[in-house]
Amino acid sequence: MRKRWIPLLLVLAMTASVLAGCQGGNSEKQSAVQQRMADSSVVIAMDPNSEPEAGFDPAYGWGAGEHVHEPLIQSTLLVTNTDLTIGYDLATDYTVSEDGLTWTVTIRDDVKFTDGEPLTAEDVAFTYNTVKESSSVNDFTMLDYAEAIDETTAVFHMTRPFSIWPYTMAIVGIVPEHAYDSASYGSNPIGSGRYILKQWDRGQQVILEANPDYYGEAPQMKQVTILFMEEDAAFLAAQAGEVDLAYTSATYSDQEIDGYELAAYASVDNRGFNLPAVEESTDSESRTVGNDFTSDVLVRRAVNIGIDRQEMIDNVLNGYGSPAYSVCDRLPWYNEASEVEYDPEGAAALLDEAGWTMGDDGVREKDGVKAELNLLYSTGDSVRQALAADFADQLGELGISCSLEGVGWDTAYDRALSDPLIWGWGAHTPMELYNIYHTIEGTGSAQYSPYSNSTVDSYMDQALASNDLEESYKLWQQAQWDGTTGVTQDGDIPWVWLVNIDHLYWVRDGLNVAEQKIHPHGHGWSIVNNVDQWSWKG
Amino acid sequence: MKNMTQTETNQRRRTVFFLIVAVMILAAVTAAGILTEGCAVETDFSRRNLSPSLQHLFGTDWMGRDMLARTLSGLSLSIRIGILTAAVSAAAALLLGTASVVLGRKADAVISWCIDLVMGIPHILLVMLISLACGRGFTGVVAGVALSHWPSLARVIRGELIQLRQAPYILVAERMGVSKLQNVRRHMLPHLLPQFLTGLILLFPHAILHESSVTFLGFGLSSEQPAIGVILSESMQYLTTGKWWLALFPGLALVLVVALFALLGERVRRLLDPSSAHE
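Each protein sequence line maps, in turn, to chains U and V. Quick note on my numbering: the first sequence kicks off at 1 and runs consecutively. Quick note on my numbering: the second sequence kicks off at 1 and runs consecutively.
Don't take each hint at face value.
Said to hold, decoys possible - Computed list of chain V residues with no C-beta within reach of chain U, every gap over 12 Å: (1) Leu-26; (2) Asp-44; (3) Met-63; (4) Gly-120; (5) Gly-135; (6) Leu-181; (7) Gln-195; (8) Phe-196; (9) Leu-221; (10) Gln-237; (11) Leu-239; (12) Leu-256; (13) Leu-271.
To be verified - Simulated pairs of lysine to aspartate or glutamate, EDC-like, Cα-Cα distance not exceeding 16 Å: (14) Lys-112/U <-> Asp-47/U; (15) Lys-243/V <-> Glu-341/U; (16) Lys-370/U <-> Asp-352/U; (17) Lys-366/U <-> Asp-352/U; (18) Lys-474/U <-> Glu-336/U; (19) Lys-243/V <-> Glu-256/U.
Derived from the structure by calculation, the hints contain no laboratory data. For glycine and all other residues, C-beta sits at the position ideal for the given N, C-alpha and C.
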């Protein structure tokens, strides 16, 4: 409630300062920027939800939470490269046993924590055992325990084969065993990463300073200040020249700010609808599960090819986005067979074939039942609301009458079992495919939307059991489409993917933002993954 | 003398005329809102973010919805919710106010305590809590506003009745054996009518404003409904980019409707109150 007033107050404050016409303020800002350029320091405006509530503790979601990013303050064993393959950070090598149950990682011997103590395999084992015990945001059930064989060798014993373990090793920051106290570590983290947490004013800002003893290439950006502000406040802050880089969204993309450029970075931050793939019934918890209309695979296929994704991008995202055909577009485990052409005639033909014939009022009917869908979106997200509205308009043209309903996340998960909900996904791990499409043991259905296909399941199980990462990519691809079945257009298509939303930022002229990996879901810390390589021109 | 009577009738006539016009305007807005509800939710991305023009008097929003239609149906929804909640509130106030006088001291103490309790909690907070508890949406808002707005009117009614109870004609009637209930019905309630009607009408602006504000804060009507609160909270994120029409017209319209209701209540009071009826 209070937050809503902040923008208003800011507007007032801004107007007041503009009216006061303070020329002096402008030149002061100019010199502040010049000072920052000279000091290699940068100020970034980030969305308030990015502030880690529990602090900078990997055990409580820092870096490895809902939104995945590099932990900066800590080092990780491995890293993801710009093409999302695996690279090395602390680790010098890793191997996995034939049965996939033992991972052996050797680490560098020259790494020190910022308090001067050396980082050893003991710390690695301690970190993973701690994270397994206390992580509430990430699933570590596949890890049995970690142990240190000697100073530089850590071994992970798994409960089940988990071929994509390297992707987990790329996000868990290593904490020092000798200086870890779960109560205070979050606000006073000691790591071995590129930056040191210098100051954290809760609700306002985080100041990071380059680690002078960093074992890798020394960070070019010496100081990074991150301000947490709402979108409109971030826009005003950029307009006032107070920040060097500010996150923004398509809403503001038609604006111009003097001295700033609008930068768009590709993402797998996708939006898509789940289409419940079973017929309506009531489950043991008396929830409605399934949807009689979308349970017909022909209907789902018609929806998938009947949607003009480019039009959606132009309409809703002002052109800043790319069509999405899967939950993992352009990632190494993406199967290009997911791609479809926009084909309204084909969609109409499919609906006719399914028995849904056009009625006099422009709405299709079958046995006296109207083709109707109730589309859900999360309240307060204007982009999802607009995407849902555009989706509804386009389905309307196909003869499917849609109503929209805003829901809160407290009820959305249950409601999505029977009505299509617009979701946002996109992560740097194939595990997301598993989470969305794999049948959960005991329930006979996938987690978020009723669907089950044993062939798809078995490919994903094989992929996880594989002991070769490259090999497992192929299996993940086959889970999507193997030539006869899968989750694509010619398969079961239990989810229809609409767009990948480009992440937009106002970037001050002269600031060199290093090449970005494809951003995952979440418009937060991803941008600063490589802030150490940023620089000021001239 | 002749002149005097003329102005008197004029004043009265003018008031009645104003009342009729005001009620007609409000009724027209309500009806128009119901009729435009279809337009209000219709999205057309080819006409996004248009500033006010002849085709779209109030402009359009980021999904190309016509703001005039949205404003009208928002006001209409607000007025309908206002009528419903004001009626429920007033009925509750009347019932409790009367009960506290008729049922004796203990009942009075309990009801007074309830009034103090509800009045002690900030209105908007109470509305939010009740609305949340009732699952938001239409039911939540109606329950929230209806269950939080009765105390002030109940207190007025109670005070008025306590005063009336001591009036000579009531005391006489009581002595002559008229039962309490009958006394209330026959002698007290008619006396109460002006205050009650005024109070009822003056509940509207409160109800409407609280409905909008609780919706604005996200605890009320769902965001797919064209409610004024939804419109205003959506417009917030577009204000910084200079789309002033999204907030200005709906906001003004809301203020006008509320002001109209307040004036209506004031005029009705003057018309019905014996001390000012002949001004």
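Hint check against the structure, violated hint numbers in rising order: Hint check: 2, 3, 5, 9, 10, 11, 14 and 15 fail, others pass.
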